[in-house]
Amino acid sequence: MKTTTATLALSGVTKRFPTGTTALTGVDLSVDAGEFVSVVGPSGCGKSTLLRLASGLEDATVGRVDVDAGTTSYVFQDPTLLEWRSARKNVELIGELSGLSKSQRRQAAQEALDLVGLTGFEKQHPRQLSGGMRMRVSIARALVAEPDLALFDEPFGALDEITRLAMQTELQRLFKLLGFAGLFITHSVAEAVYLSTRVVVMSGRPGRIVAEIPVPWEFPRPPELRFESDFAHLVGQVSEALEEHS
Amino acid sequence: MSTELMVEPDIAAATEADPVEPTKRRQPPVLRRIVAKVVPMIAALAGLAGLWYLVTYVVLSEDKRFLLPPPHQVFGETLGRPEIMQPMLAALWQSVQVALAGLLISVVIGMAWAMLMAQTRLLEKVLYPYAVILQTVPILALTPLIGIWMGYGISARIVVCVIIAVFPMIANTLFGLQSATAPAHDLFTLNRATRLQRLLKLQLPAAMPAIFTGLRNAAGLSVIGVIVGDFYFQQGSPGIGGLLRVYTLRLSMEPLFMAIILTALFGVVVFSAFAALDRAVIGKWYGER
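Chains as they are written, first to last, in this note's numbering: chain D, 1 to 246; chain H, 1 to 289.
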C-alpha cells in the first residue's frame, strides 16, 4: 500500500553497513513532483548514501523507500563518461541499454545535447572536452530518458568557481523547462539555496535531518539573485542550522 | 567550422570558462619527423656494427676470430648464397606461421578465460591459479612432455607457443575488464543492463588498452615459443629455431649469426607491428589527442 503520492519518499530510513558504520538514522524525506530539494551536511554525514538509497543502488536497513517515478536518473560526482565514446554516443548509451531503435536514440541524444548547450560538440570524445563540458554531457545523459526524478550527487564539486556558477544557472533553467523532481546533494550552502525549492540540512554521522528550509523564489532565477540581501539571509540561516548540528 | 561552434547566449559564460576548441595541433613537417626517427636508429646500428668490428678485430685474437666473424663476412657468406638463404628463409616463414597461429589461439583462449573470470569472484578464484601455473612452470620443463604427447610436428610447436604466450593475454584482459570504475558499473546497474550488455558496452571497451598491451607481450613471447619448439622438435620440416641448432652443432658461424639476426628481426617486426596497431586502434578508440 502506498502511503504517499510523493515522487520520492523515505520513511524512517536507517542505513547500517556490514562494517558496522551507521550512515543514516531515522531519515524522513519526501520530494514531490515540481520540487527541487538540496541536501547539505558535513562531509561523511551519509548524503551520498541517501542518494544511493533513493536510486535503489542500496537497500535501507530499516524503514522504506518509495519511488513513484517512471524513470529515475542519476548524475554522479564524476561525469563518469565512457572514454571511448563520443559525447553523443555517451548519451545514446541509455537508449541502447533500454532497447530504443538507432534513429530514436540518436534523435533523443541530439535533443538532450542541444538542451545542455553542446550543439556542435557531439563528435568530441570526453578527453577533448573541458571539465564543465564533460559534466554537461553527463547531465544530458541523465535527462535523455526524460526522468520524473533526477538525483544529483555533488555534480559540480570538482568544477572551478566560474564554471560552477554557470552550471547552476543552467541546471535551474533545465529544472524549470523539464519539470523533473530533483534531489541534489552538495556541500555548498549557496549552491543549495540558489537551486532549490527546499534545503534539507543533515547532522554529522550518523546522518539525520535537522532542518528543512523552504526557498521562496520563482524559477528561472537570475544569476544576480546571489547578490541580494534576502539570498544572503537565507544562506546564513542554512549555515547556522548546519553549524549547530555538525 | 567556427559557426558550428557558436553557442547559445545563455551558456556563453560557461563556454568562455571552458575554452576547448576542436582545432588541430600544429605538427612538424613530415620530413623532419622521419629524420628525427631514422637518424637515431641509424646511429644505433652504426654503433652496434662498430662494437662488433671492435670485438672481432681488437678483442679476439687471430685464432679465436672464428667465434665472431665480422659483419661483412656474415652477410657476404650468406646473402649471396641461395643454398644457405633459401632453406633459412623457408624455415623462417614456417616459424612465422607457427608463431602467428600460436598467437591467435592465445588471444582467443586468453580473452575467453579472462571474460569467464570477470563474471564472478568465485570463477576468478578457481581459474586464476591455473593461469599462474602456466606462467610459472618453465616452458623447458614442459616441452619434452608436449613432444611425447603430441609428436614433434607443427601442432606441438603451436602448443608450446600458446603455453608461453597465453598468460599475458589472460592477465591483461582480466586487469582491463576489471578496470571499469564503480560509478560506471552503477550507471549500468541503474539502467538495468544485462550481463552481456555490461560486458560488451563497458568491460570489454574499458579493457581495450590493456588487451593491446597483452597482445604486444604475447606476440613477443610467441616468437620465443616457436624458437623453443623448433629447437626441441627436430623432426619434420625445420623452423628457424631448428636451423639455429643445426648451425650450432656444425659450428657454421656465418649462417648461425645470420639466423640469429633474422630471428631478432622477426621479433622486432612482430612487436613493432602490434605496437603500431595498438597506437592506431586505441588512438582512434579514445578520440584523437
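Treat the hints with caution; some may be incorrect.
No more than 20 Å apart at the CA atoms, straight line, and that leaves these computed lysine to aspartate or glutamate pairs for EDC-like [unchecked claim]: (1) K102(D) to D78(D); (2) K176(D) to E35(D); (3) K284(H) to E83(D); (4) K64(H) to E77(H); (5) K201(H) to D148(D); (6) K89(D) to E111(D); (7) K89(D) to E122(D); (8) K176(D) to E111(D); (9) K176(D) to D148(D); (10) K201(H) to E218(D); (11) K123(D) to E111(D); (12) K64(H) to E83(H); (13) K284(H) to E122(D); (14) K176(D) to E122(D); (15) K89(D) to E62(H).
Don't read these hints as lab results, they were simulated from the structure.
Tested hints:
1. K102(D) to D78(D): 27 Å, violated
2. K176(D) to E35(D): 10 Å, holds
3. K284(H) to E83(D): 11 Å, holds
4. K64(H) to E77(H): OK: K64(H) and E77(H) at ~18 Å, within 20 Å.
5. K201(H) to D148(D): Outside the cut-off at roughly 26 Å; violated.
6. K89(D) to E111(D): OK: K89(D) and E111(D) at ~13 Å, within 20 Å.
7. K89(D) to E122(D): Holds, because 8 Å separates the two Cα atoms, which is no more than 20 Å.
8. K176(D) to E111(D): 17 Å, holds
9. K176(D) to D148(D): Between K176(D) and D148(D) the Cα gap is close to 13 Å, so the pair holds against 20 Å.
10. K201(H) to E218(D): Violated, at about 42 Å.
11. K123(D) to E111(D): 14 Å, holds
12. K64(H) to E83(H): 27 Å, violated
13. K284(H) to E122(D): Given that 20 Å is the threshold and the Cα spacing comes to 16 Å, the pair holds.
14. K176(D) to E122(D): 24 Å, violated
15. K89(D) to E62(H): 70 Å, violated
Of the numbered hints given earlier, the model fails hints 1, 5, 10, 12, 14, 15; all others are met.
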